[in-house]
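Enquirer: Sequence:
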Amino acid sequence: MKKRTISTDRKQTPDKSNFFEDVFDVVRQIPKGRVTNYGSIAKYLGSGLSSRMVGWAMNASHMMKPKVPAHRVVNRNGMLTGKHHFPTPTTMETLLEKEGVKVISDKVVEFKERYWDPAVGLL
DNA sequence: TTCCTGACTCCAG
DNA sequence: CCTGGAGCCAGGA
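In terms of the numbering used here, the first sequence is residues -8 to 114.
Simulated from the structure, these hints should not be mistaken for lab results.
Any given hint could be a false lead.
As the list claims (entries may be wrong) - Across the chosen pairs, the derived CB separations fall in these ranges: (1) Ser38 <-> Pro78: 25 to 35 Å; (2) Glu104 <-> Lys56: 23 to 33 Å; (3) Lys93 <-> Arg67: 15 to 25 Å; (4) Lys89 <-> Ser38: 32 to 42 Å; (5) Ser38 <-> Thr85: 26 to 36 Å; (6) Thr81 <-> Leu114: 26 to 36 Å; (7) Lys23 <-> Lys56: 10 to 20 Å; (8) Gly91 <-> Gly39: 32 to 42 Å.
Said to hold, decoys possible - Below 27 Å or equal to it, Euclidean Cα-Cα: the simulated DSS-like pairs (lysine-lysine) are: (9) Lys74 <-> Lys103; (10) Lys74 <-> Lys56; (11) Lys89 <-> Lys74; (12) Lys34 <-> Lys58; (13) Lys98 <-> Lys23; (14) Lys23 <-> Lys58; (15) Lys56 <-> Lys34; (16) Lys93 <-> Lys74; (17) Lys23 <-> Lys56; (18) Lys89 <-> Lys58; (19) Lys23 <-> Lys93; (20) Lys93 <-> Lys103; (21) Lys58 <-> Lys74; (22) Lys23 <-> Lys103; (23) Lys23 <-> Lys74; (24) Lys74 <-> Lys98; (25) Lys93 <-> Lys58; (26) Lys89 <-> Lys103; (27) Lys74 <-> Lys34; (28) Lys98 <-> Lys58; (29) Lys34 <-> Lys98; (30) Lys23 <-> Lys34; (31) Lys58 <-> Lys103; (32) Lys103 <-> Lys34; (33) Lys89 <-> Lys23; (34) Lys56 <-> Lys89.
The beta-carbon is built from N, C-alpha and C at its ideal position, and this holds for glycine as well.
Make the full structure from the sequences, and use the hints.
Expert: Given below as structure tokens:
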């Protein structure tokens, strides 16, 4: 097996892998009423992780405890690309609006102002 | 092991 | 402005 994946290689890890833990940890630190994008998280973790991996990790976030505020993570356009993966298609925007984030046409209003960069927030 | 898919992003046309 | 293709890493069949 040439391809040595983290989970297989580190199967001794208690959780799925350190990767999930890192992603969740960052997402959980997103301030209420703020949002971020996959690319920034990937870049913050940095190392070679791709944006897709972040979103992919979010897919497992639902079963994680404490629950991860995946609704605060959107794509670079501020569009709620992952809304379809929530219990209901309206869950994501509902949660966001409840936190004070307006969502119109599956997009975060004033995304640029609502944007929260992990590298800055965790500074 | 190889092939396919994915909650993304960037670059061209 | 919108669409398509390539790059990206990890997991499942």
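Enquirer: None of the hints should be skipped; say for each whether it holds.
Expert: So, going through the hints one by one against the coordinates:
A hinted range of 25 to 35 Å for the beta carbons of Ser38 and Pro78 is consistent with their spacing of about 32 Å. For the pair Glu104 and Lys56, the supplied restraint of 23 to 33 Å holds, since their beta-carbon distance comes to about 31 Å. At roughly 18 Å, the beta-carbon separation of Lys93 and Arg67 lies within the given 15 to 25 Å, and the hint holds. Hint check: Lys89 to Ser38, Cβ distance near 34 Å, so the stated range 32 to 42 Å holds.
For Ser38 paired with Thr85, a C-beta distance near 34 Å keeps the hint of 26 to 36 Å intact. Remark: the range hint 26 to 36 Å for Thr81 to Leu114 is upheld by a beta-carbon distance near 34 Å. Remark: the range hint 10 to 20 Å for Lys23 to Lys56 is upheld by a beta-carbon distance near 19 Å. The hinted window of 32 to 42 Å between Gly91 and Gly39 holds, with their beta carbons roughly 35 Å apart.
This hinted pair checks out: Lys74 and Lys103 have alpha carbons roughly 20 Å apart, not beyond 27 Å. This hinted pair checks out: Lys74 and Lys56 have alpha carbons roughly 20 Å apart, not beyond 27 Å. For a cut-off of 27 Å, the pair hint linking Lys89 to Lys74 stands: about 15 Å separates their Cα positions. Among the hinted pairs, Lys34 with Lys58 is consistent with the structure: their alpha-carbon atoms are about 22 Å apart, no more than 27 Å.
Between Lys98 and Lys23 the alpha-carbon distance is near 17 Å, which keeps this suggested pair within the 27 Å criterion. The suggested pairing of Lys23 with Lys58 holds, with an alpha-carbon distance near 14 Å, which does not exceed 27 Å. The hinted pair formed by Lys56 and Lys34 meets the criterion: a straight-line CA distance of about 24 Å does not exceed 27 Å. Only pairs whose Cα atoms come within 27 Å are accepted, and Lys93 paired with Lys74 is accepted, the gap being roughly 15 Å.
A distance of roughly 18 Å separates the Cα atoms of Lys23 and Lys56; the hinted pair therefore holds under the 27 Å criterion. For the suggested pair Lys89 and Lys58, the alpha carbons sit about 17 Å apart, so the restraint of at most 27 Å is met. Restraint check for Lys23 and Lys93: satisfied, since their Cα atoms lie roughly 13 Å apart, inside the 27 Å limit. Note on Lys93 and Lys103: the hinted pairing holds, with a Cα-Cα distance of about 13 Å set against a maximum of 27 Å.
Between the alpha carbons of Lys58 and Lys74 the distance comes to roughly 16 Å, so the proposed pair stays at or under 27 Å and holds. Of the supplied pair hints, the one linking Lys23 and Lys103 holds, its CA atoms being roughly 15 Å apart against a limit of 27 Å. A C-alpha spacing of about 18 Å is found between Lys23 and Lys74, which places the hinted pair at or below 27 Å, so the restraint holds. Proposed proximity of Lys74 and Lys98 is supported: the alpha carbons are some 11 Å apart, at most 27 Å.
Taking the CA atoms of Lys93 and Lys58, the gap is near 22 Å; set against the 27 Å cutoff, the hint holds. For a cut-off of 27 Å, the pair hint linking Lys89 to Lys103 stands: about 19 Å separates their Cα positions. Pair hint Lys74 plus Lys34 holds up; C-alpha atoms about 23 Å apart against a cutoff of 27 Å. With a CA separation close to 23 Å, the supplied pair Lys98 and Lys58 stays within the 27 Å bound.
Under the criterion of a C-alpha separation no larger than 27 Å, the hint pairing Lys34 with Lys98 is consistent with the structure, at around 22 Å. Taking the CA atoms of Lys23 and Lys34, the gap is near 21 Å; set against the 27 Å cutoff, the hint holds. Straight-line distance between C-alpha atoms of Lys58 and Lys103 comes to about 26 Å, which keeps the hinted pair within the 27 Å bound. Between Lys103 and Lys34 the alpha-carbon distance is near 18 Å, which keeps this suggested pair within the 27 Å criterion.
Taking the CA atoms of Lys89 and Lys23, the gap is about 10 Å. The hint holds against a cut of 27 Å. Between the alpha carbons of Lys56 and Lys89 the distance comes to roughly 21 Å, so the proposed pair stays at or under 27 Å and holds.
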